[in-house]
Amino acid sequence: MDTSDLKLDGNAIAGTMRELFGIEMTVAPCVCRSCGAREVMACVDVYVNAPGTVVRCRHCQSVLMTIVRGRDRTWLDPSGLRLVELPS
Amino acid sequence: MAGAAVLGRLTWEIAQVTAAKEETARVRTIALDVPHWPGHRPGQHVDIRLTAEDGYQAQRSYSIASAPGEQLELTVERLEDGEVSPYLVDELRPGDGIEVRGPIGGYFVWDGADARPALLVAGGSGVVPLMAMIRHRVMTGSNAPIRLVYSSRTAGEIIYRSELDEIARRHDGVEIIHTLTREQPNGWAGRVGRIGPELFADVAWPPSEAPSVYVCGSTGFVEAAAEALVGMGYDPPSIRTERYGGTGG
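Chains as they are written, first to last, in the working numbering: chain A, 1 to 88; chain B, 1 to 249.
Derived from the structure by calculation, the hints contain no laboratory data. Don't take each hint at face value.
[Stated by the list, open to error] Chain B regions said to be covered by chain A (calculated; three or more residues, Cβ under 8 Å):
#1 105-111
#2 237-245
[Stated by the list, open to error] Some, not all, of what chain B presents toward chain A, calculated at C-beta under 7 Å:
#3 Leu10
#4 Asp47
#5 Thr219
[What the hints assert, rightly or not] So the derived list for chain A, only partly shown, Cβ under 10 Å to chain B, looks like this:
#6 Lys7
#7 Leu8
#8 Asn11
#9 Ala14
#10 Gly15
#11 Arg18
#12 Glu19
#13 Glu24
#14 Thr26
#15 Glu39
#16 Val40
#17 Met41
#18 Ala42
#19 Cys43
#20 Asp45
#21 Arg71
Glycine included, every Cβ here is placed at the ideal spot set by N, Cα and C.
Next up, chain B with everything else stripped away, as it sits in the complex:
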C-alpha cells in the first residue's frame, strides 16, 4: 500500500524561514529550510508548533504548496481568531526559526503516476495542496489532464492567480476554471456562484472517464462539492477530500 510503509518516528525540527511572499491581503507563502527534510509528495502537509514563554503550545497543520524537489513552501491564510496563522502571516520573518514536523499524510496525495484525468476542486485556501499537484504535473511533464475548479469569494482573494493563468496558457491539458461567490469585477470572464451540480455539469469529466478527484476546502465546501459529484454518478471512494478550518470559497 503506497504511503503506508513504516516511516519511523515523526520528530520536530527547527526550520529556518528563508523567504516570505504576500499572495493576497490575508495569505502569505513562507519558504522553509528544514534539516533532514526527506522530501514530500504532492498533497501532503506539515504540522507547525508554537511555544509561548509560559510553555503553552499551539499546533496546526498546513499544506505544502511546493512541488516535490522544490524548496519547502507553505501558503498560510490568516484566520482572525487563529492562534497560529496570524503569527505565520504577519510576524514571521526570514531568518526566524519555527518548529516543523513532516511530511505527513498519504491519502490526499496525487503523484501523477497514471494518465487518468485529475479533477481538482478548491475552496479558498484549499487550493494550496492542489497547487502542489499542479506544480508537480508541470515539473514532471506528466500528460495527465488536470482541471482545477477553484472557488474564491472575490477576485482579490484568488491565490496564485498569475501563476495559474501562466500554467494554463503554457501547458496543454491543464485547465483552470475560476468561480467567484461574493462579488465579481467588471468584465469578469470566469464563472459566478457556488460550486454545485450546475457548474460540475459544465466542467467535470463524466464519471465514465474515471477521473481521480481531490476536493479541499472548508467542511461546508467539501460536503457540497462531494454531494454534487456523487449526484452526477461519481463513486464516493473515488472522491478524495480534505477539510480545513479556514474560511470558505
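Isolated chain A (complex conformation):
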C-alpha cells in the first residue's frame, strides 16, 4: 500500500458532512483559499488515515479542512476554504 491508496475523495465524508450540516454536501461547490480552484465537495482529496480527517485541494494539495471527532463533539477547521456555496 502506498500513500495514494490512502487517498479517498469527498464522497467518503458525505455522511459526516451531512451529519454536521444537515444537507447533502457532495454537490456543494467550494473554493480553495490557496489557489482559488473551485470544485464540488465530492472532488476534493480526503485522507482518513491521520488521527483526524484531512481534506485537501485536488489542484494544489493545500489543506482545505480538517475534521477531528471526539466522543461527544467534533472539531472542524475550515480555514483552507475561501467559500462554500450552499443551496437556499
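Put chain B on the given structure of chain A with help from the hints.
Okay, now just chain B, sitting in the frame of chain A:
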C-alpha cells in the same frame, strides 16, 4: 439543485440482516431491512458502524447495490487488514442487527432521467454503485444506452457476472465489456489488460456524444481512467468519480 435539499438529521438505525449471498470468494451481498428507510438513488451509499464491547467504534461507507424500490442490498469486499469488512463478509448472519445510516451522497448518482448515453467504468468492487444504476435502468425500462467497462484481476473475481451477462443478452442498449488484468482463463473472449487510452479508444463513445461518465474503483484505477478519458477529449467535469479504499481491478 437535485439532491441538495435539506434532508434533516442523519440518524443511525439498527438494520436487520435478512439474507446473505456469496458473490465471489472475497465478496458477499447482504440484504438489510432498515426501519424508516426513505428510499435511495442509484449510486448512493450507506455508513455502517460497529461498536466493540469496550466502546471502540469503527465506521465505513458501503455502496448500495440494489435499485431504488428493491430491498436494500450492500455488496462488500473483504479487505484482509480491514476493521469492518471481514465482519460483514465472514461473520454477519441473517437475523443479526447492524447500525446503518443513509442513504448518503448526491454527486455520484445516475437517475436515468435523460436519454444521454452513460459510460460506467468499474475497477474491482467499484462495480457495486454502477450495478445499482444498471439495475435501475433495467427496472425502469429507460432507453439510455449504457456501457459498463469492468476491470477485474481474474475471471473468478468478477462480481455479478451471470446477472450482467443476462442483462446484456436481454436488454438492447446495455453493453458489458470485461477486461482481466492479472490472468485470463482459456478461451477468454473479453479484453485483456488495464483500462487505458487503448481500451477507451475502442469502447468509449466519442466525447461529441456527451455521455455521462461514472468511474468507481481504487484511487489508482480512478485516476488512470479519468486521465485516459480526458486525453480522449472528455471534459473533466463530465467525469464523475468515486474512490474507495479497496483493492484494484
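Evaluation of the provided hints:
Here's how the region 105-111 of chain B fares: 4 of its residues keep a CB closer than 8 Å to some CB of chain A, so the rule of at least three is met and the hint holds. With 6 residues having a beta carbon nearer than 8 Å to a beta carbon of chain A, the region 237-245 of chain B meets the requirement of three or more and the stated coverage holds. At a threshold of 7 Å, the smallest CB-CB gap from Leu10 of chain B to chain A is about 5 Å, leaving the interface hint in force. Given the 7 Å rule on beta carbons, the hint for Asp47 of chain B holds: about 4 Å separates it from the nearest Cβ of chain A.
Because the closest C-beta pair between Thr219 of chain B and chain A is about 5 Å apart, less than 7 Å, the hint holds. At its closest, the beta carbon of Lys7 of chain A sits 5 Å from a beta carbon of chain B; the interface hint therefore holds under the 10 Å criterion. The beta carbon of Leu8 of chain A comes within 5 Å of a beta carbon in chain B, closer than 10 Å, and the hint placing it at the interface holds. With its C-beta approaching chain B no nearer than about 5 Å, Asn11 of chain A sits inside the 10 Å limit, and its interface hint holds.
For Ala14 of chain A, the shortest C-beta to C-beta distance to chain B is roughly 5 Å, which falls under 10 Å, so the interface hint holds. Interface hint at Gly15 of chain A: satisfied, since its Cβ lies 4 Å from the closest Cβ of chain B, which is below the 10 Å cut-off. Interface hint at Arg18 of chain A: satisfied, since its Cβ lies 5 Å from the closest Cβ of chain B, which is below the 10 Å cut-off. With 10 Å as the threshold, the beta carbon of Glu19 of chain A comes within range of chain B, its nearest partner Cβ sitting at about 5 Å, so the hint holds.
A least Cβ separation of about 4 Å between Glu24 of chain A and chain B falls short of the 10 Å threshold, and the interface hint therefore holds. Interface hint status for Thr26 of chain A: upheld, as the beta-carbon distance to the closest one in chain B is roughly 4 Å, under 10 Å. The interface hint given for Glu39 of chain A holds, since its Cβ lies 9 Å from the closest Cβ of chain B, which is under the 10 Å cut-off. For Val40 of chain A, the suggested interface contact is upheld, since its CB lies about 6 Å from the closest CB of chain B, less than 10 Å.
Look at Met41 of chain A: its Cβ gets to within about 8 Å of chain B, closer than 10 Å, so that hint holds up. The restraint placing Ala42 of chain A at the interface with chain B holds, with a minimum CB-CB distance near 4 Å, inside the 10 Å limit. Satisfaction of the interface hint for Cys43 of chain A is found here, the shortest Cβ-Cβ separation to chain B being roughly 8 Å, below the 10 Å cut-off. For the restraint placing Asp45 of chain A at the interface with chain B, the shortest Cβ-Cβ distance is roughly 9 Å, inside the 10 Å limit, so the hint holds.
A least Cβ separation of about 9 Å between Arg71 of chain A and chain B falls short of the 10 Å threshold, and the interface hint therefore holds.
Consistency note: the structure conflicts with none of the earlier hints.
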